[in-house]
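Trainee: As given, the protein sequences belong to chains Z and L, one line each in that order. Counting along the first sequence from 1, when you hit position 68 you're at 68 in this note's numbering, and nothing is skipped either side. Just remember that this note's numbering sits 1000 ahead of the position in the second sequence, which is counted from 1.
Worth flagging that the hints you see were computed from the coordinates, not collected in a lab. Predicted model, so just to flag it, every value in this text is computed and none were measured. We put the beta carbon where it would ideally sit given N, CA and C, even for glycine. Do not take every clue at face value.
What the hints assert, rightly or not - Coverage of chain L stretches by chain Z, computed from C-beta distances (three or more under 8 Å per stretch; other residues unrestricted): (1) 1211-1218; (2) 1261-1268.
Stated by the list, open to error - A short list of chain L residues far from chain Z (calculated; beta carbon distances all over 10 Å): (3) L1023; (4) L1034; (5) Y1113; (6) S1141; (7) L1246.
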Amino acid sequence: MTDMDQATYAVSGAIGSLGARVIFDRIEKRYGSVVAVDDVSLDISPGEFITLLGPSGSGKTTTLMMLAGFEIPTAGEIYVDEDPIAAVPPYRRNIGMVFQNYALFPHMTVGENIAFPLQMRKMSKAEITRQSGEVLDLVGLPGYEGRYPRQLSGGQQQRVAVARALVFNPRVLLMDEPLGALDKQLREHLQLEIKALHEQLGVTIIYVTHDQEEALVMSDRIAVMNNGRIEQCGRPTELYDEPSTRFVATFIGESNFIDAVVERLDGTAVCVEAPGLGELRAPMRSGLTAGAPVMLTVRPEKIVAVGDENGMAADMNVVTGTVDDVVFVGEMRRYVVVLPGAQRLVLKAQNRRGVQGFARGDPIRVCWNVDDCRIV
Amino acid sequence: MTTVTSEIAQAPRAAQMARFARLRRLEQWRYVLLLLPALVFLIAFYGYPVAAMLTRSFSEPGWGLQNFEPLLQARSALDAFGLSIPMNAYIRVFGITLQIALIVTVFTLLLGYPVAYALSSVSPARANLLMILVLIPFWTSILVRSYAWMVLLGQEGIINQALIATGVLAAPMQLLNTRLAVYTGMIHILLPFMILPLYAVMRGIDRNLLRAAGNLGAAPSAVFLRIFLPLSLPGVAAGCLLVFILGLGFYITPALLGGQRDVMISMLIQQQISQLNWGFGAALALVLLLMALAIYLLFTRLLGVERVFGSARA
Ligand SMILES: Nc1ncnc2c1ncn2[C@@H]1O[C@H](COP(=O)(O)OP(=O)(O)OP(=O)(O)O)[C@@H](O)[C@H]1O
Ligand SMILES: [Mg+2]
């Protein structure tokens, strides 16, 4: 963050603060025999927007609750700005949180809801009024102080929840599926608003969602969770292009999987033998031995249909099959190809003049770059 | 399917509207039908006798308002109950009744609120188990429970014996036939009626609201005072209303446990009826009924019906 940015904050008011660094160090949470969170380690930089992405029951909420202080880890330690927070009660942690269903106090007006954290901090009336007004401006709801939560639409309630979580200048903001209850159009709109707010305020945001598109659009980094563990953590493009496990490859975007057996390792590439398809190659990966059963994964849009032999480069995997299904999806066509050995492959082809179309039953030859596939 | 839609499409709009209106009316009648058996029973065996009884306050021994006159006199003696005090004894009995009902309500609230809070905080499975403990007293009749208190509180009762055996008392203390005994018995019997509505409302309070308050910087005491308590008020109102109105009509318990001066209206009514003073007994009953109604209306007017009988989430 530059000095310039800080100057703008000073002018625009007291809302906004430098984000804190948050470290999860080998955190575990058990409920009896259920392991809700399993050996989770994360180092979150100040001001980062990180998303916990995972299916229902994967431990996302539990992870947030431990940081907020409502659940106590059974092992490990959490640090905020290098300080362990295990001994700090929730109400002294100064971490903002937007709950899944907003948790706005139904018996208080919007103004009272937003004033609540400031009253708890014994701020003066004048200061509270000023800061409440400012944060409502920030979320685009000026003049809504007198309304009750039930008199607001879902999107407006969401904004109030964000305002209430930000008004006391927390250095970390937790958001548990904050857009889960809203319709698609409003979600997309608010995604951009939250993103803009993040850039404007500089607060560290830990965001939870099970919507992979939302995670890809908003995050600096995504931690993909499954069964309480972090399967992979990285930038959106990293996760999409280089999924390290089958789960990540399926959960983010669409993927093809081809059963194969490792044939040999030749330094820069792995050669695998897929039944009926011959030899295929993939980028090198550690921990593989010849003869091991593996899976080769490739994204549908990385596969292209080709004519006979024209200009086939050496760094391409080529297979032939039969078109089994064609679906027209506007900007592209989606083909399902049956390969010898009964494996299936999905590919997407742009609807462009000059791109050859195929019909059901047509023989088809497809290829993809070796670097576009992974062994998982 | 197609024939039906085309038929509707061809039907004139007015006819369509009429058909929908008919369907709606049918829908409403369904609910009336569901209510009907209970309604008939209540009207025949409850509504009619009550109405007939209350009419007697104006018709016996002769038509007029003479049954209400004793209530309006400056003083009247009620020697049978030892209440020959220089004020209208009937009004005084109404006063005692209100006082007992009020004190019982306050104490059931003080005792019941923590219980309901605990019940609403544990897991639903455990709460169901504990709820059985709360409801066990319902399995025995009020009469038996009142007699049980007589056994406990009597001169030779367990409490007096224990106090003498441990040397706290030299001679037995008068516990039975006191106002304290009336309070004790009534609180015991009415406690579940306070706990149930309190629990129902507290269960409905979203626990995330309490977490949110903590997250926003509220210490546990502030979470309770600013969030939980206000949200539980509909339950407090419903419980107090229920206990207070039930308390107004108590008869057996004060009759068995109370002293000579602990007279409640229902005892007075019973006495009048047993002396075949149907008219005056009915007049007292009517006043009691109006009092209960007035208190009910006052409560709902002050708090709003939907707050008394609605949930905390509304
Ligand atoms: N209080 C609890 N007692 C027992 N098990 C629990 C408790 N809270 C959570 N769990 C279990 O821990 C696991 C993780 O739950 P968590 O709520 O963190 O999932 P989540 O990723 O937030 O899912 P969702 O997307 O559905 O909100 C689940 O298997 C859940 O059943
Ligand atoms: Mg969750």
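Trainee: Cut-off 8 Å, C-beta pairs, minimum 3 residues; does the coverage of the region 1211-1218 of chain L by chain Z stand?
Mentor: holds (count 8)
Trainee: For Y1113/L, is the shortest beta carbon distance to chain Z beyond 10 Å?
Mentor: For Y1113/L, whose nearest Cβ neighbour in chain Z is about 18 Å away, the distance exceeds 10 Å, so it holds.
Trainee: Holds or violated: is the Cβ of L1246/L farther than 10 Å from all Cβ atoms of chain Z?
Mentor: holds (28 Å)
Trainee: Is the Cβ of S1141/L farther than 10 Å from every Cβ of chain Z?
Mentor: holds (40 Å)
Trainee: The output says L1023/L does not contact chain Z. Does that hold with a beta carbon cutoff of 10 Å?
Mentor: holds (31 Å)
Trainee: Apply the coverage criterion to the region 1261-1268 of chain L and chain Z: a residue qualifies when its Cβ sits closer than 8 Å to a Cβ of the chain, and three qualifying residues are needed.
Mentor: violated (count 0)
Trainee: Verify this label for me: L1034/L is non-interface relative to chain Z, using a Cβ-Cβ cutoff of 10 Å.
Mentor: Nearest chain Z Cβ is 31 Å from L1034/L, so the label holds.
Checked against the numbered hints above, the structure breaks only hint 2 and satisfies the rest.
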